[in-house]
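Protein chains: 2
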Amino acid sequence: MKGFRGAFLDFIGDPFYLSELESVRYFPDGLLVIENGIIQALGNYVDICAIYPNISVTHYRDRLILPGFIDTHIHFPQTEMISAYGEQLLEWLNKYTFPTERKFKEKTYAKKIAAFCLDELLKNGTTTALVLTTVFPESTDAFFEEARDRNLRMIAGKVMMDRNAPDYLKDTAKSSYEETKNLIHKWHQNDRLLYAVTPRFAATSTEEQLQLAGQLLQEFPDVYLHTHLSENVKEVAWIKELFPHCTNYLDVYDRAGLVCDRSIFAHGIQLSEAEFKRLSEANSTISFCPTSNLFLGSGLFKLNRAKSPEEPIKVGLGTDVGAGTSFSLLQTANEGYKVSQLQGHKLSPFQALFLVTLGGARALNLEEKIGNFDKGKEADFIVINLQAMPLLALRNRGEIPKTVEEIGDRIFALMMLGDDRAISETYILGDRVSPSVSSTPNTIQ
Amino acid sequence: MKGFRGAFLDFIGDPFYLSELESVRYFPDGLLVIENGIIQALGNYVDICAIYPNISVTHYRDRLILPGFIDTHIHFPQTEMISAYGEQLLEWLNKYTFPTERKFKEKTYAKKIAAFCLDELLKNGTTTALVLTTVFPESTDAFFEEARDRNLRMIAGKVMMDRNAPDYLKDTAKSSYEETKNLIHKWHQNDRLLYAVTPRFAATSTEEQLQLAGQLLQEFPDVYLHTHLSENVKEVAWIKELFPHCTNYLDVYDRAGLVCDRSIFAHGIQLSEAEFKRLSEANSTISFCPTSNLFLGSGLFKLNRAKSPEEPIKVGLGTDVGAGTSFSLLQTANEGYKVSQLQGHKLSPFQALFLVTLGGARALNLEEKIGNFDKGKEADFIVINLQAMPLLALRNRGEIPKTVEEIGDRIFALMMLGDDRAISETYILGDRVSPSVSSTPNTIQ
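Line by line, the protein sequences give chains A and Z.
When we follow my numbering, the leftmost residue of the first sequence carries the number 1, and every step to the right adds one.
When we follow my numbering, the leftmost residue of the second sequence carries the number 1, and every step to the right adds one.
Next up, chain A with everything else stripped away, as it sits in the complex (with noise of 0.2 Å):
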């Protein structure tokens, strides 16, 4: 058993509905209790330490102490192609996203890079991700032995795509389906990780394909469904072409069977009224993914709507890399605050702040697991230092605030003005991360 002090804050509930009283839990000197990784309490140092006196106790003075960030949505394969010039989505694919992927066929690689993505996110204060792989399910094995080795809670899986994409990328209906429930077996509730059904997105799949996603999420009733939902207005128009029987782009993947309360939909960006409806309905979640929104000139989430209070609907937040421009979930709320912005809408920093965090495991069916410091939760846990650079450090002068409104200020600044200087430690399940030196950007070729 063992112990750590200092400034503690996290989520009992959603302040996109409820008031800070009653969402928002800060203990501006706590103490938090872990015993073999999972959290024993969380209290005012002064009322826990009278309850266990004698545990070991690492003080973090001067820190903001934190649940680990989720980030909704990534694509380990994309990390050496993040930042690729000039084109919207469906170019981008062909042009970019295409032509790296084919590389992860080679396991050695995909161990690499999956490696490399991993220490990324710890770094930035991720520590569970959902994650789209490739085509190959050698890159889906590597993803999931590297985070096994660092015993994260990772969700993942292979892509499916069986049309519209080159030969070297594509597999069929029949083969991504047994290739699928294979690693199924293999990976769901393997330690941590948990499996992921992942068509790419309705384009590059026949129906026979999303029938046969479906029929997985019928046969293994606590896999999730990952995939991508009207990101762009090309994209949209193309879907309509090819699917004319269905109602909207949404209607596709309901008529496989795969809008349920375990579906995470990425980006959302040209949804209509009835699509919004029936996500609500279907308890389904969206990723909003600011950086690659802007990135690739999708357009503007309509978060307001999304979390509108007579229809809401599950939303995270996604980094998307390779089209997002950064691993870090903090810069990803500073753009999140903009599209709001844009769009005549505030996104405070504790909305900000629970999407990342207890919003994001509510997001991903994880709130059992992770997301706050309730007792009986895996202490996947960041330290933040909120002065990590000058600028901040003016910005955020003074010492750790006592009240709430004051640490909401200084969380802004943290989301607008920081990035990974400012995360100080990461820890899985109540041990410091240390990042590998196996992933050095010289070592991959």
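None of these hints come from the bench; they were simulated from the model.
Where hints are given, some of them may not hold.
Which copy is meant is left open, because identical chains are indistinguishable; a pair holds if it fits in one copy or across any two.
Claimed, not checked - With a straight-line Cα cutoff of 27 Å, these simulated DSSO-like cross-link-like pairs (lysine-lysine) come out:
#1 K95 to K402
#2 K302 to K234
#3 K103 to K369
#4 K107 to K174
#5 K103 to K402
#6 K234 to K346
#7 K346 to K277
#8 K174 to K186
#9 K346 to K95
#10 K346 to K302
#11 K105 to K174
#12 K107 to K369
#13 K174 to K402
All values derive from a computational prediction rather than experimental measurement.
Following the hints, position chain Z against chain A.
Chain Z in isolation, oriented as in the chain A frame:
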């Protein structure tokens, strides 16, 4: 006389109008020769070395050397209030900006923040900026003194505002005229410093004050005019109310004689076609400030319209700290790219780099002094590590490229992923800058 060896890139023309061949100059192994802070020669290492065989050479292996960046719009007193939450322009001014600027009546304080701001600029590779101070001449003196101590080419001016602001921040038409005149005598052409007549924006000046600003431009024909223009929808409506007899926002300035080839207008988000035409005709400059325009939700600047070949307008890039969210012109270019993508246009890496080097110099009518490595120009330059962070190193694998096309790709990644960490060194007049220690955040009360 001294030499610097490395890969050099600069511009000899405008890549918005000319081909890369006609606009970009690239020496993968180049030599720059400097005497008394002035550039004597730039060319291939082997060629230039033959002409200057005995000079001592600093070799920046695997580094890219660029002209110092030029920031065409920044408020130094807003440094400490960067990332102020939740408001759009007019409310943001009243809630955060005015109370902050009040502190700058005290010169000692203003000097500390000026020093901090200049250190941030230099650390981010910015060697020249067009700067607003506050209504207090003390703050203008403070900024100019700190800039002179560092031998910098800087343009600044006292803010003129005689209405629609708190009493503690108001001058009068007459006092602003007198104070500005004194400051021009004191600072314009003092070492490398230049003066900009700076009415804040039309709403905070009476017509009398604007007229007197115009009179100053007549009396001192080589000073600048620096103000804000058409940033926010509510602001534009307000200007219409305040100046019902003017045909549009720009016309308010035009009637006071403020629209000329030395005028720099920040933002111009909501400009009408008539205003674009008039700016082109007058050869005025717009400062495009993407991080600020997104942060305040002001909107998307029509860069493509401003840079139209038929009616071209000079454009520079501005951080607009404190409404802008970064001192880095790399990060500013990142968001400039996104603003263009959202409008279906591609901002190329060379176009973006032009805006912060030669384009910025042209925007400020300083092409004779700075902006590229032409013989006779002032030797302000920066040394870039294209592999400064692991992710950037992975994306920009391999040696410094030999071709313009490849270096363009690396520069694009630098703009998307880079920040102050990618700026290895900043040189002013051929001398390497060390950050001052006078401005650590904890010493600023």
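K346 and K277: within-copy, between-copy, both or neither at 27 Å Cα: Within. Shortest intra-copy distance 23 Å satisfies the 27 Å Cα cut-off; inter-copy 35 Å does not.
Intra/inter-copy verdict for K234 and K346 if alpha-carbon distance must be at most 27 Å: Answer is between: at 17 Å across copies they meet the 27 Å cutoff, but 29 Å inside does not.
27 Å Cα threshold - placement of K402 relative to K95: between (51 Å within a copy, 23 Å between copies)
K302 and K234: within-copy, between-copy, both or neither at 27 Å Cα: For K302 and K234, the Cα distance is within 27 Å both inside one copy (19 Å) and across copies (22 Å).
27 Å Cα threshold - placement of K186 relative to K174: within (19 Å within a copy, 80 Å between copies)
Alpha-carbon proximity context of K107 and K369, limit 27 Å: neither (30 Å within a copy, 55 Å between copies)
Copy assignment of K105 with K174, given that the CA separation must stay at most 27 Å: Cα proximity of K105 and K174: one copy only (19 Å, versus 74 Å across).
Alpha-carbon proximity between K107 and K174, which holds within one copy, between copies, both or neither at 27 Å: within (22 Å within a copy, 75 Å between copies)
27 Å Cα threshold - placement of K402 relative to K103: Result: close only across copies, 25 Å inter versus 51 Å intra.
Identical-chain pair category, K346 with K302, by Cα at 27 Å: Classified as both: same-chain Cα gap 12 Å, cross-chain 24 Å, threshold 27 Å.
Alpha-carbon proximity context of K346 and K95, limit 27 Å: Answer is between: at 15 Å across copies they meet the 27 Å cutoff, but 36 Å inside does not.
Same-copy or cross-copy closeness of K103 to K369 [CA-CA at most 27 Å]: neither (34 Å within a copy, 49 Å between copies)
When held up to the earlier numbered hints, the structure conflicts with 3, 12, 13 and fits the remainder.
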